[in-house]
Amino acid sequence: MSATGASSSAKSRGIAAIFLLTVILFAVLPYLLSTYYLGLVIEILIFALFAMSLDLLIGYTGMASLGHAAYFGVAAYAVGLLSLKLHWSVWSALPAALIIVTLVAALFGLLALRTRGSYFLMITLALSQVAWGIAFGWHSLTGGDDGLPDVPRPALASDWSLAGDRSFYFFVLLLAGTGMLLLAHVAMSPFGFALRGIRESETRMQALGYNVWRYKFAAFILAAAFAGLAGALYAYYNRFVSPDYLQVFRSAEVLLMVILGGAGTLIGPAIGAAVIVLLENVISAYTERWLIVIGTIYILVALFAPGGIIGFIRELRGRRVKS
Amino acid sequence: MLLFLLASGLSLIFGLMKILNLTHGSFYLLGGYFGLVVLQKTGSFVLAVLGASLAIALIGIIMERFFLRRFHLQQLPQVLVTFGFLFIFSDIATVIWGANPQSMPRPELFAGSLQFNGFYYPTYRLFIIGFGLFVAAFLWWLQDGTRIGAMLRASVDNEEIARALGINVSLLFTLVFGLGAFLAALGGVMGGPILGVYPGADFEVLLLGFVVVIIGGLGSLKGALVGGLIVGLLDNFGKVFFPELALFTIFAPMALILAIRPAGLFGRE
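Residue numbers (the working numbering), protein chains in the order written: chain X, -14 to 308; chain F, 27 to 295.
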């Protein structure tokens, strides 16, 4: 591989062009799609952000969390409760929700980061179940199993509501898009490379003078905060919050999105999210046995596409170059 | 004690093969359903216990041989595969047995209760306690007192050397996975008369099993036993005193123990 200056600047120009095209595409989408499909796109954006935030943990830092839905759900509940019970506007409810998620993640992180590997997986799962247990059991606050209905769509000012589908779409696009770009920025920063170093060898990074624990803690909280942003958006989108938001199934689903797309690539998990959201909507139109289908997908991905979609594409490309 | 049956299987599989088996709860649930079917067909509780457990053990062995074998020591694919099976089994169970809980009659021999110190103890519960202790003793003996146990411990400590010594490690692993599945199904059938068999039990039980092995320490029989006791007590008292926060009373102490001893009470790093 010899990357000359000319070709790399051509490459970055190519990336800029693709980026511009994507922005234009997403900007005109609401004028092309019906309400139903626009809803799907919103859902994809939200889950793409969610999956990318988990990728920061799994793909970059090498910490497999099975409780990522906890932060998604906590933020959703925070937004729901603040706007329903205290009638806060989006300007205060959304930042407050993110602060709450960060605090919860800091607490969980203190506990979970004492462990690694399978223990980490189990404790993140158990902690998310604590959150689920509270959401489910604390009926007077959270409505228990019934959830919180009628969460209002955000309004930027008293006469500027985002209740319409198009305006809400742009709201999600702006926030989720910013979140994704920030995540990509983090992943490409020296901080992101330090995380990759930790993934490869913690002891080596320690020997190089990195405070490994602090890096992991920061990654943990960052990932949780972005998951929280996704969760808050989802609460606004569905106008409803229920304990399902922080259930293990959701944690597992987002894990599948990450691996299906390709862990450690950021763009992969976003694609994975799109695939899963679309499949879920298409398949549940035909059959109620969605669990069997998604279970089979889990196994097939593990067996045949361990590198995910991105890994598969890269492999194809590599083959073409060789032949 | 039921928790011990469950956790010992989970712990065994993890301790020896480093597989975090998320399908474990499904083994429990399917064990319960299979037991129910056999019981209805034959009317014999003993046959139900044996038949269901053996059938589940077979499913476990097939899973290990054809799906998990190739992912030895690769954590993420293992999680994906076992999660996939968890979904599939739970959905299949709902298709076949419906969404309503099913109750299982107690075996007639243990239908009564014993009076002791003015309290009544249903004999079936006493029987389960005795049975759990018996299984614990058996597993102990298997691990520490037999040739197979020695081979197992050798394979865990140093797989390559064990292979070089002519021990068939992969066969051992398959058997262990089968045994773990067997134990989970055993818990499912034996627990049927007390707890009933219902959809969603697979998940509940899996989480409880996790907590038990986290508290006790993965891969430790003693840990599974002590952890099972602690979690069982916490669960019962929690449900009585803080019904709204039932899960919380289990998970909060677990988080505490983990914070102090990350490898659990009897685990080794």
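A hint or two may mislead.
Keeping only pairs whose Cα atoms sit at most 20 Å apart, straight-line, the calculated SDA-like set for lysine to any residue is [unchecked claim]:
(1) K44/F with T100/X
(2) K248/F with I286/F
(3) K44/F with G102/X
(4) K44/F with I284/X
(5) K248/F with A289/F
(6) K44/F with R101/X
(7) K44/F with S103/X
(8) K44/F with L288/X
(9) K70/X with G129/X
(10) K44/F with I88/F
Just so you know, the hints here were simulated from the structure itself, not pulled from any lab data.
Hints and how they fare:
1. K44/F with T100/X: holds, 15 Å
2. K248/F with I286/F: holds, 19 Å
3. K44/F with G102/X: At roughly 10 Å apart (the allowed maximum being 20 Å), G102/X and K44/F satisfy the hint.
4. K44/F with I284/X: holds, 19 Å
5. K248/F with A289/F: holds, 14 Å
6. K44/F with R101/X: holds, 13 Å
7. K44/F with S103/X: holds, 8 Å
8. K44/F with L288/X: Within the cut-off at roughly 19 Å; holds.
9. K70/X with G129/X: holds, 15 Å
10. K44/F with I88/F: The given pair, whose Cα atoms are some 18 Å apart, holds under the 20 Å limit.
When the structure is compared with the earlier hints, no violation turns up for any of them.
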